[in-house]
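2 protein chains.
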Amino acid sequence: MQNQKRVVVDYVSPTLNNGEFPIKRVINEIVHVKAYVLADGHDLIGASVLFKHENASEWTELRMNPSYDNEWYISFAVEKQGFYDYKVTGWVDHALNWQHGIIRKIEDHQQVSSELLEGVGFIDAIIERVSDFDRGYLEHLQNVFTNKDLYDNAVSEARSDRLNHIFYSYPVKQLVNSSKVFQVYVDRLKARFSTWYEFFPRSASKKKEIHGTFKDCERLLPRVAEMGFDTLYFPPVHPIGEVNRKGKNNSTEAFEGDVGSPWGIGSKLGGHKDIHSELGTIKDFKSLIKKAKKMDIEIAMDFALQVAPDHPWVREHPSWFKWRPDGTVQYAENPPKKYQDILPIYFETEDYKNLWKETLDTFLYWINCGINVFRVDNPHTKPFYFWNWVISEIKKEHPDVLFLAEAFTGPKIMQQLAKQGFTQSYTYFTWRESKHDLIEYVEELTKTEQREFMHPNFWPNTPDINPFHLQGANESKYIQRYVLAATLSSNVGIYGPVFEYMIDESLPNREEYLHSEKFQITNYDWSIKNNLINVITKINKIRQEEEALQQTNNIKFCHIENDNLIAFYKWNDDKSSEVLVIINLDPFNEQHGFMQLPLSDLKEIEFGRPVQVYDFISGQSYNWYDEWCYIELQAELPIHVFKINK
Amino acid sequence: MQNQKRVVVDYVSPTLNNGEFPIKRVINEIVHVKAYVLADGHDLIGASVLFKHENASEWTELRMNPSYDNEWYISFAVEKQGFYDYKVTGWVDHALNWQHGIIRKIEDHQQVSSELLEGVGFIDAIIERVSDFDRGYLEHLQNVFTNKDLYDNAVSEARSDRLNHIFYSYPVKQLVNSSKVFQVYVDRLKARFSTWYEFFPRSASKKKEIHGTFKDCERLLPRVAEMGFDTLYFPPVHPIGEVNRKGKNNSTEAFEGDVGSPWGIGSKLGGHKDIHSELGTIKDFKSLIKKAKKMDIEIAMDFALQVAPDHPWVREHPSWFKWRPDGTVQYAENPPKKYQDILPIYFETEDYKNLWKETLDTFLYWINCGINVFRVDNPHTKPFYFWNWVISEIKKEHPDVLFLAEAFTGPKIMQQLAKQGFTQSYTYFTWRESKHDLIEYVEELTKTEQREFMHPNFWPNTPDINPFHLQGANESKYIQRYVLAATLSSNVGIYGPVFEYMIDESLPNREEYLHSEKFQITNYDWSIKNNLINVITKINKIRQEEEALQQTNNIKFCHIENDNLIAFYKWNDDKSSEVLVIINLDPFNEQHGFMQLPLSDLKEIEFGRPVQVYDFISGQSYNWYDEWCYIELQAELPIHVFKINK
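So the sequence lines, in the order shown, correspond to chains D and V. Residue numbers for the first sequence follow the working numbering, so the first one is 141 and each next one is one higher. Residue numbers for the second sequence follow the working numbering, so the first one is 141 and each next one is one higher.
Rather than coming from a laboratory, the hints here were simulated on the basis of the structure. Careful: at least some of the hints might be erroneous.
As the list claims (entries may be wrong) - Simulated crosslink set (PhoX-like; lysine-lysine; CA at most 25 Å straight-line):
no.: 1; chain 1: V; residue 1: K174; chain 2: D; residue 2: K552
no.: 2; chain 1: D; residue 1: K227; chain 2: D; residue 2: K192
no.: 3; chain 1: V; residue 1: K783; chain 2: V; residue 2: K575
no.: 4; chain 1: V; residue 1: K575; chain 2: D; residue 2: K313
As the list claims (entries may be wrong) - Reference excerpt, derived from the structure (chain V facing chain D, CB under 10 Å, subset only):
no.: 5; residue: E160
no.: 6; residue: P162
no.: 7; residue: N168
no.: 8; residue: R244
no.: 9; residue: K245
no.: 10; residue: Q250
no.: 11; residue: F487
no.: 12; residue: K522
no.: 13; residue: Y770
Unchecked claim - Pairwise CB distance ranges (calculated):
no.: 14; chain 1: V; residue 1: K355; chain 2: D; residue 2: K320; range: 49 to 59 Å
no.: 15; chain 1: V; residue 1: Q314; chain 2: D; residue 2: K497; range: 15 to 25 Å
no.: 16; chain 1: D; residue 1: V321; chain 2: V; residue 2: D491; range: 26 to 36 Å
no.: 17; chain 1: D; residue 1: R269; chain 2: V; residue 2: K388; range: 35 to 45 Å
no.: 18; chain 1: D; residue 1: T468; chain 2: V; residue 2: D289; range: 43 to 53 Å
no.: 19; chain 1: D; residue 1: K320; chain 2: V; residue 2: T468; range: 36 to 46 Å
no.: 20; chain 1: V; residue 1: K388; chain 2: D; residue 2: Q250; range: 24 to 34 Å
A virtual CB, placed ideally from N, CA and C, is assigned to each residue, including glycine.
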């Protein structure tokens with residue numbers, strides 16, 4: 141009931157929902173902690189951040205620095221995967237307060253004998269704890285402060301920086317008060333920095349209209365690696381339902397030979413733990429995973445929690461589906477539309493614990509096959525708390541496993557999935573096109589609370605989205621879109637050959653591909669090269685070299701006097717990598733304008749010296765002497781990526 | 141571990157520190173609750189606010205309304221003093237979702253026999269709970285939905301608004317999820333609306349250099365009442381220390397006859413529970429309280445937790461003070477300054493429980509004498525958690541008691557005291573003079589979180605602060621300052637005769653009064669009238685009549701094309717009172733300019749009709765036909781207070 145503490149610790153940041161969710165970081169990232177630390181009266185106070193990894197037994201303490209109006213701050217780095225705890229603690233520092241007072245009295249020529257005796261008390265309280273070196277000094281002070289003949293000496297020593305340093309280093313924390321304990325979840329770097337390539341394995345064959353296999357995919361691995369992608373994502377590779385299978389272009393009628401949608405999972409041949417036999421065997425799949433790994437490519441698996449009507453679960457676990465009064469099963473629907481090839485899972489089932497467990501087992505099965513990255517299909521149509529549970533269960537044993545949420549839904553739902561545990565999130569980048577919209581969106585992602593828990597992943601296209609602005613677009617536009625995605629965001633992905641070969645036929649007035657690979661096999665001549673592929677390859681290489689592009693949050697848009705030119709400055713935490721990107725958003729015309737360099741943000745530019753920049757794209761170097769620089773970009777090669785080096 | 145709930149409730153507002161502190165309201169005020177209520181998938185959801193007074197056993201439920209992107213809102217009124225609990229709850233509404241779906245299928249001409257059977261299930265689930273009238277209708281539907289011959293009828297009834305209304309009114313809440321429980325603390329109206337007058341009782345005598353008494357104060361009550369003040373605050377009325385008593389003008393030497401500072405509390409004649417004998421007896425004090433009450437004036441008592449060296453506590457409770465190594469007691473100090481007439485309380489004492497208890501007893505003693513309002517001196521030099529405890533202990537039995545925090549300190553400290561329990565707070569208004577500074581400060585108080593927990597009190601002056609802008613100021617400036625304080629803020633106060641008689645002599649280059657009443661008796665001719673007194677009286681009367689001025693948060697500053705003119709619109713919650721205040725901030729010159737009426741905020745102005753306004757000050761009425769109105773104000777009477785009436 142009665143709390144004698146004098147210090148109040150308040151408004152610790154960054155935190156999420158008062159600690160209900162951890163904030164997120166990757167290995168070696170920084171947590172900039174701020175808090176209000178207040179006490180009554182005018183006494184000096186001290187404050188620390190205490191943090192520890194979940195496996196550590198001891199807290200690490202970092203003293204916080206005061207800024208204005210009782211705000212304190214300090215940063216700590218997280219060096220291991222898993223959970224870290226952190227809290228802020230504060231106390232009244234009577235020893236420093238004593239020294240602060242006696243200095244002012246001495247300067248005012250007051251007699252301070254009694255104050256010196258008080259000082260001895262503060263020395264006595266810590267002398268056992270200090271280093272041997274400091275102890276000698278403190279013993280000396282004990283003598284000086286209590287010997288009247290040494291008063292002048294005492295008056296001088298009482299003010300010493302060394303005593304100040306010792307008092308600061310060994311605070312006596314009485315009536316200490318702490319915030320609650322908050323958490324950071326730390327992932328491997330890939331959570332923040334990844335370069336995705338998606339294609340349909342069944343389209344991998346060299347031969348026309350022949351169903352591709354995992355073996356065919358192995359053939360394509362060097363191409364993917366050369367282009368600089370590190371994550372290869374396949375649509376579902378499980379048996380495809382035969383009942384109510386979809387035909388080409390999403391037709392409800394399938395004909396002989398129609399391959400159906402890979403998202404219509406499950407047939408008499410198996411379900412979520414099985415491999416679609418036309419792709420090969422589980423052995424083939426594991427071989428592919430292994431070979432990819434050798435090229436530093438991880439295979440990302442699609443995880444779609446829905447079934448075809450002939451999925452084994454329907455027979456084995458009827459209670460996992462909803463049954464209607466007329467005895468039929470509930471199909472997926474968005475009235476008046478019905479999806480006859482898909483049954484949704486009934487998460488309100490009383491048997492939900494077994495359902496959850498089977499889902500977890502399915503994840504673990506594929507993890508044991510070598511999968512460490514999952515792209516989860518429509519996670520927003522399954523309960524948030526289910527994801528929280530299943531992801532945290534997996535992470536306990538497999539902290540390397542990452543989850544990309546495919547949730548093209550409302551912003552708060554998208555954010556909630558990230559809070560509940562998803563590592564990365566698809567975003568609205570796909571529809572952000574103008575300079576204003578791009579800046580507004582990136583500012584929202586990087587300057588609000590979202591920066592603490594969401595790793596955005598920017599996709600210019602997906603098999604589901606052929607955005608209007610790419611339909612009929614020229615190569616410049618495609619270059620723009622990839623460079624924007626890959627430099628604004630450190631996580632980026634494309635839906636492969638369709639993107640680099642600019643195949644953009646669509647259903648009329650729809651953002652959907654005509655002859656979509658979702659419903660049929662496509663054959664590509666994967667050997668064709670073009671300028672777009674060169675740019676993608678180049679940009680991916682720069683991303684590998686420059687840490688500034690391996691993170692998303694450190695970004696500042698630069699003033700540039702032309703709405704067709706977008707410019708931004710990015711840097712890594714220690715500013716050993718600084719990059720300036722400028723993109724011409726007009727795919728048809730040259731654009732030029734004056735750009736303002738973010739001079740006050742650049743790391744240590746010596747006064748009077750030019751800013752030296754190197755353009756990765758043109759290979760040219762420049763010396764910029766002025767804050768405002770003239771920029772000119774052609775439509776054909778609409779980008780500068782400047783390395784800033786001093 | 142496993143939580144099957146589908147709805148997430150997040151970001152409930154208003155709340156403070158995730159519910160660590162209650163938000164504050166006064167009786168009949170409104171709490172506008174907002175929350176994110178999300179669910180997976182596309183099902184319709186329902187959300188409610190549940191609230192109850194601490195003495196109520198049942199929750200009251202109010203359904204929330206959805207706005208965009210999963211935000212929900214509703215308001216509730218708090219009608220009683222004390223604590224209310226409130227929380228937000230959400231659920232998936234399967235019945236409404238069913239109706240939503242079947243309507244779309246019917247419009248698409250689908251056969252819905254099976255859906256009708258599902259509808260019967262939703263009707264069965266609620267039929268026992270509904271009114272007899274509705275039950276008849278539902279029984280009819282049960283029949284219609286299950287009878288194939290009545291299919292057309294069923295298709296029509298399934299879409300009925302009446303069924304929609306019944307489903308909405310009787311939701312089946314499965315897997316319901318709720319936020320944590322938050323609290324509102326509700327005070328009497330005076331917490332928000334009060335008009336303070338301060339004078340020194342010892343200056344109340346008619347006779348020169350004679351110590352005023354409570355009896356003299358009684359004589360002045362009608363004057364205070366006529367000017368429209370409802371709270372009369374006296375500096376401490378306890379015995380004044382004789383040891384190290386301060387002389388005139390804060391001199392460390394007191395001469396025979398010097399009366400000392402009333403804040404140097406305690407002598408051989410008594411302490412915090414005693415009356416300074418020169419003012420009268422406890423009986424006189426109680427009589428004064430009673431007579432004031434009859435004129436609707438409450439006496440506010442000063443509560444200063446500090447003592448003179450001869451206060452009885454020093455003898456009786458030496459451990460409540462800090463003793464130095466040389467055996468002397470610790471005086472108040474702010475090095476190098478020492479305050480030899482004051483000992484601070486040592487709140488870190490091990491005997492703190494008795495100290496806290498004695499403080500509580502002291503409050504209760506005066507409450508039993510009839511005091512319901514305390515002005516607490518320098519609360520920021522005593523621990524926050526102490527105030528939290530003592531105020532909440534008092535409020536349990538005496539919810540009418542109000543506490544004004546005199547904490548002219550950092551913003552976060554000031555705010556913390558309000559959060560920890562203080563009802564009202566002195567503010568920085570005293571130093572906010574320009575249009576820009578006034579608007580910025582009032583926006584901070586009324587548009588940030590502070591609006592939820594702080595009742596500001598605006599004082600143009602206090603015995604401690606004779607602001608530079610009032611030194612040598614003319615009457616116009618005094619009028620300005622009072623009108624600003626009394627119309628911007630619903631709590632206002634002045635340090636009496638010194639203000640209305642514009643006595644402004646100061647210590648050189650200090651914001652302190654010369655010949656301060658803190659250290660000597662002053663005699664006034666209280667019968668003198670002037671224009672300033674007339675304006676104060678008038679403004680206080682308008683405040684009584686217009687509820688718009690009895691609250692602070694509903695305020696909108698109006699554009700006015702002159703930096704010497706400030707204009708703002710205020711309204712009460714139901715807009716039965718709307719007021720527009722315009723003040724000329726230039727004390728020497730007429731100012732004019734065009735002001736933009738806040739037309740979109742005014743209550744129901746009929747299209748094409750003028751805005752009719754009545755100026756309380758000039759007594760004139762105007763019809764404004766345009767959005768931009770010409771305003772002209774003389775320096776002599778620099779105010780308009782318009783009542784907006786339609």
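A quick look at each hint next to the structure:
As the CA atoms of K174/V and K552/D are separated by approximately 14 Å, the hinted pair is consistent with the 25 Å bound. At roughly 10 Å between alpha-carbon atoms, K227/D and K192/D fall within 25 Å of each other, so this suggested pair holds. The suggested pairing of K783/V with K575/V holds, with an alpha-carbon distance near 22 Å, which does not exceed 25 Å. A threshold of 25 Å between alpha carbons decides the hint, and for K575/V with K313/D the separation of about 46 Å lies outside it, so the pair is violated.
Taking 10 Å as the C-beta contact cut-off toward chain D, the hint placing E160/V at the interface holds, the least distance being around 9 Å. The beta carbon of P162/V comes no nearer than 16 Å to any beta carbon in chain D, farther than 10 Å, and the hint placing it at the interface is violated. The interface hint given for N168/V is broken, as the beta carbon of that residue sits about 31 Å from the closest beta carbon of chain D, more than 10 Å. The restraint placing R244/V at the interface with chain D holds, with a minimum CB-CB distance near 4 Å, inside the 10 Å limit.
Below 10 Å, beta-carbon pairs count as interface contacts, and K245/V has one with chain D at about 5 Å; its hint therefore holds. Satisfaction of the interface hint for Q250/V is found here, the shortest Cβ-Cβ separation to chain D being roughly 6 Å, below the 10 Å cut-off. For F487/V, the shortest C-beta to C-beta distance to chain D is roughly 7 Å, which falls under 10 Å, so the interface hint holds. Interface hint status for K522/V: upheld, as the beta-carbon distance to the closest one in chain D is roughly 6 Å, under 10 Å.
For Y770/V, the interface hint is violated, the least distance from its beta-carbon to any beta-carbon of chain D being 38 Å, above 10 Å. The hinted window of 49 to 59 Å between K355/V and K320/D holds, with their beta carbons roughly 56 Å apart. At roughly 22 Å, the beta carbons of Q314/V and K497/D sit within the given window of 15 to 25 Å. Take V321/D and D491/V: their Cβ atoms lie about 32 Å apart, and the range 26 to 36 Å holds.
Taken as a hint, the range 35 to 45 Å is violated for the pair R269/D and K388/V, whose Cβ atoms sit roughly 51 Å apart. Distance hint check for T468/D and D289/V: the Cβ-Cβ separation is about 23 Å, which falls outside the suggested range of 43 to 53 Å. Hint check: K320/D to T468/V, Cβ distance near 42 Å, so the stated range 36 to 46 Å holds. The beta-carbon spacing between K388/V and Q250/D, approximately 25 Å, falls within the hinted interval of 24 to 34 Å.
Violation of the numbered hints given earlier is confined to hints 4, 6, 7, 13, 17, 18; the remaining hints are satisfied by the structure.
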